[in-house]
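Please work from the sequences and hints to get the whole structure.
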Amino acid sequence: MNPDEEDYVFYGTPIEREEEITSRKKKAVAESSGHLRSLPAWKQEVTDEEGRRRFHGAFTGGFSAGYYNTVGSKEGWTPQSFVSSRKNRAEVKQQSILNFLDEDEKADLEGQSLETSLEFDTFGITATELARKQAEKEQQQRPSAIPGPVPDEIVLPATESVGVKLLLKMGWRHGHSIKDSRANLLYDARREARKAFLAFSSDDAKAQFAESEPVQGDLGSFTEQPANDVVQSYQSTPVYVLNPKQDLHGLGFDPYKHAPEFRERKRSRMSGKKEPGNRKAYSLQDNLSGLKSGKVAPGFGIGALEELDDEDEDVYASGLDFVDTYVQEVEEPSRLMTDSKQKLVAKEQGVLPGFRVASSSDYQLQRFDAPVIPKDFVPHHKFPGPLDTSYKVADLPPPEVPPPEDSNLKLLIEGVATLVARCGKLFEDLSREKNQSNPLFSFLTGGNGHDYYTRKLWEEQQKRTCQQKQQVDGKFSSHMERMTSESRGRILGERPLDRSTKDSSSSGASAEVIHLQINLSDTFTKSASFKSGLPEVVKPFQDDPAKQERFEQFLKEKYRGGLRSTDSSGASYMSEAARARERLDFEAAAEAIEKGKQGKELSVQQFMDFSATGGMRFTSGGVEQVKDTEAEDLLMKKIFPKREEYQWRPSPVLCKRFDLIDPYMGKPPPAPRMRSKMDTLIFTSDSVRAKKVEEPLTANRDLFATPQFDVQGISEDLNNKETEVDVEVQNVERPVDLYKAIFSDDSDDEGETTSLNKVEDPEKKTEAATTTLSRLIAGDFLESLGKELGLEVPPDLPYSTNKAQTPASRKESANTDAGDANSIPVKNKPSSTVVRTPVNQEVHCDLEIAQYGRSEKNELSYGNPDRRGREHMETGSSEKKFDEVDPEKMVPEDKRAKALSSHHRNLNSSSSSEDGRTRKSSRRHRHRSSDSNSDSSNDRRDRYHSRSKGRRKESSRERSSSSRKHSKHHKRSRDSVARSRHESDQEHGEAKRGKRKNRD
Amino acid sequence: MSVSDLPRKEVNVLKGHEGAVLAARFNSDGNYCLSCGKDRNICLWNPHRGILIKTYKSHGREVRDVHVTPYQWVIVFRDNSKLCSCGGDRQIFYWDVSTGRVIRKFRGHDGEVNAVKFNEYSSVIVSAGYDQSLRAWDCRSHSTEPIQIIDTFLDSVMSVCLTKSEIIAGSVDGTVRTFDIRIGRELSDNLGQPVNCIAMSNDSNCILASCLDSTLRLLDRSSGELLQEYKGHTCKSYKLDCCLTNTDAHVTGGSEDGFIYFWDLVDASVVSSFQAHSSVVTSVSYHPKENCMITASVDGTIRVWKT
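Protein chains in written order, with my numbering: chain A, 313 to 1312; chain B, 84 to 390.
It is worth saying that the hints were derived from the structure and are not from the lab. The model shown is predicted, which means the values in this text are computed figures rather than measured ones. Accuracy of the hints is not assured; some may be wrong.
Said to hold, decoys possible - With a straight-line Cα cutoff of 25 Å, these simulated SDA-like cross-link-like pairs (lysine to any residue) come out:
#, chain 1, residue 1, chain 2, residue 2
1, A, Lys954, B, Asn288
2, A, Lys859, B, Ser320
3, A, Lys954, B, Arg268
4, A, Lys746, B, Lys314
5, B, Lys314, A, Asp718
6, B, Lys314, A, Lys968
7, A, Lys968, B, Gly267
Take a look at the structure:
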């Protein structure tokens, strides 16, 4: 404060300075966080957020509490989470004063609290504790209903009531009646006195009693007690000891009813065996009791205080009525007596009283000899089946019956008969049961052909038994033994006709035979096929004379020359798809015939050819010279229906929705299985691959896609196919061609070109609708491209120019800075470079030349547009290669290269807009290009192949669907165009990069 | 069941579709039927009285298949509350039956969807598409993504059947594939002929597959064995339905010449065939309990047949 400020009078409270407040705040924070925490709870001060200590006044009790003067906590009023009182009932808590005391108070209280020590606790807790312990002790001594120690919770012995205590004090003992308490009391008292006296007088006397005279003592006790209680009811409260039932007798049955001695023996044995401690206790008790009662020896006299009573006479008269008391004992066995007896028995070492162990017994264990095995016994089980057959052979032969007209039935019967002869009657029963409903098998149950069946069966059995006799060694398998036409043929060296399901694929004519084959075992299918095959195959298309005619024509052509032209046997009115299918049929039939006639001459090639195409099911006829090593696999696949099993992983959600447990729960995902044969084909040679993948699917589409729901569609398609082919190839297809020429996948191969135009005919109809659109797009693109290149592209180019202006040629035009688009052919470019550069690796030369040749071919058939795109890429890459090889040679080509690079740049910039759409493919491509950068240029060709393979793998599926889809096709092709364009651009960029590096 | 019990008497002609009717289906108790066709509509009928109850319009292309939520044993009431349909617009529509509103649309198929089915609990729609895939769609969640895509088929999937734990589908690649969810196994039965339509017998032991070689084939589901073949009709280019009668005694199916054929299940003989429509019979559906059948045809009519 300034001194001059003292003159002023201040009203009100001054506004506190900012720093003061903040410092206090800081202090508060420091306190709350720092040392206050270390203080004990009651020393801590509660302050508000500004560090002030608040006083709340008298009523509310001192300084502020809670959380900043609220009753809440730091967390605030957190509502308790709801707990259902239905399940969790609120506990009624026993509250004691300790609950309300603080810890220090408790500590104070501890010194003052009174507790009863154990010894002085006459009632309450300690008393019950004692009682329990006692009960436990007793528990161990007596057998209980519950084996093992009884838990305290179950058995809670009550403490003895005051009355009992009083009684006990007055001399009453447990187990005694209170009725004649006087006598008892007197007796007890006297006994106690006697006991005391005994203990007092001499130890040796006790020992004497214990050792030598137990029986006597016992007897004495017995004589004493009955004498005391004339009514025999001294046991007022019988103690029920629950004896657990340990024997196997029925309830209430007492095996020792009339022989109690045995019971004792048993018990002794049991107790001796099981619980020696227990037994000891018994004996001790006995001893005690014995002492109690038996200490009454004559000569001790009566104490001075004792009254002279009749009991005293009893005492002295002990032993007099020994006999009759003993008899009484037998009638009513008491526990005491049994106990003493037990002891006695134990002494006698396990022998019943009055019995001795015999020195020699004439009991002898009788032994029986094992049964004698008859000499002719053979330890093998004979099954009834063969027995049955051999038995049947002995029967009279059934009459000869002409076979049924139905050759199938006849075959079936023969087959079954053979099988039955071989496998026994069991098989017959089985098959009868199984095919009860099948009308074909009615001969088993006595229907059509039953007679023939029995006859056949008899013959087979006859044959079999004969052979069994002849060839005991069983050199031949049974089905070879019968002399059928088949076996005869085999002996003669004929090749059996292997007719599997190719017939089913060929036509439905011989399908029944195949079903026989499926139904029956293969032992006789061969004969079946052999017999029924030939006549059927010669005229496989009897139902359709026109077809048969065509087939014959086909055969003629086939056999005349080794090679057939692709358009050999086609009726002009047939669609391509139908023709393809028919050719398949013909092929199959021809194969069958060929094999049947000249089995050995069957060329493996042709056979495999057929099987490969047949296996694909929908192969068009255009491909027939496809050879493949996997043909055998496909051949094996031809028995239908064929069941295959794969692993399949349902998604967990699906399992949940179906209310099932996920079978793959917690397991790692399985490796993706090979999707199809298509994939395996991908890794075969390139030429095969193209046809394999492409053709079936296109044919497929024709077969099944179009006609599904479109009545008019079929006829339209059929008409259009014929009419539109020529026109459209020239006209409508052009813009698409252009796209493909520039950008399309390089995976399309040359083998496809001719057939593609034919097969895709129906597509052209739909494509015709979109022609204008694609033309517009193409025009736009060209225009923009031209602008970027600084060229002038006429907006409405005629198709021919459009077509001819492939990127390569455009590149050429860029190179020469000339506007003429269609003047220089594609092939000139790379070849000219080759010529110009003498230093070139041979591989490249080869590549170039190959390209050259191919491009020439392309020029001839412009139907294949995509090769040009590929060529385009190839030229780019080859140039790059070239540059890499000898940079010094680049000088004369500098100008061209520069132009090229600018062209590439333009292309790249134009393609960047497409990036979003084709990001995936570009990523793939980038990866690849980085590969190719690191690779040496020598294996470029290989890489190219592998790359195209990979791409094919990915795109085959897509193409298959896209090529089959009309409406989809357009979009798809555009997509692929975009992608391929991008790829080619990338390629160019790559080439450019390489070039620049070289130049530097 | 004798031949005279076969539904051969025409009771009603349901006219309402313009253009071809592609499918007609009874609901699970047989009181109503649904039909769909090239006119992009789905119609709900009472076939016994011949009344058109409701028309559902939302599809952008032809509707190829329709299925209504089945009767559920678990829930006491009969559940006909939802229906699903599919078609040329590559979508599966999930409808509310009473209001006629589309609850959800499932997109994802890359081609036309040929068949749809609800599962037993109506919680999943399984669709079979031209894009060679089966897709399972979840009706319970709000996700419109398929919960399972099965694309092991080599060609268009034409028809699908569901059991409690299996998805069975027939494809043009000639296979009938059984996907057992419980075991996690795929069984592929190659029939060698493009499979058009599959139907399960009422005892669920057999699968009837209609093949494009004009043959119906009866397969044993457990062994994959070919039990019987039924021939006589024409089925070469259309998707024609086939089914078994309610007693499993006969097999019935349409033909491309407008006939309906009845075969004996056991001996495969044609017990009855008659001209039912003037054009291709695309769909047949048999009443679950009575001797009643509905047939749909390209001629735009649905006919109800009784004994």
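Outcome of the hint check:
| no. | hint | result |
| --- | --- | --- |
| 1 | Lys954(A) x Asn288(B) | holds, 18 Å |
| 2 | Lys859(A) x Ser320(B) | holds, 20 Å |
| 3 | Lys954(A) x Arg268(B) | holds, 16 Å |
| 4 | Lys746(A) x Lys314(B) | holds, 23 Å |
| 5 | Lys314(B) x Asp718(A) | holds, 19 Å |
| 6 | Lys314(B) x Lys968(A) | violated, 41 Å |
| 7 | Lys968(A) x Gly267(B) | holds, 13 Å |
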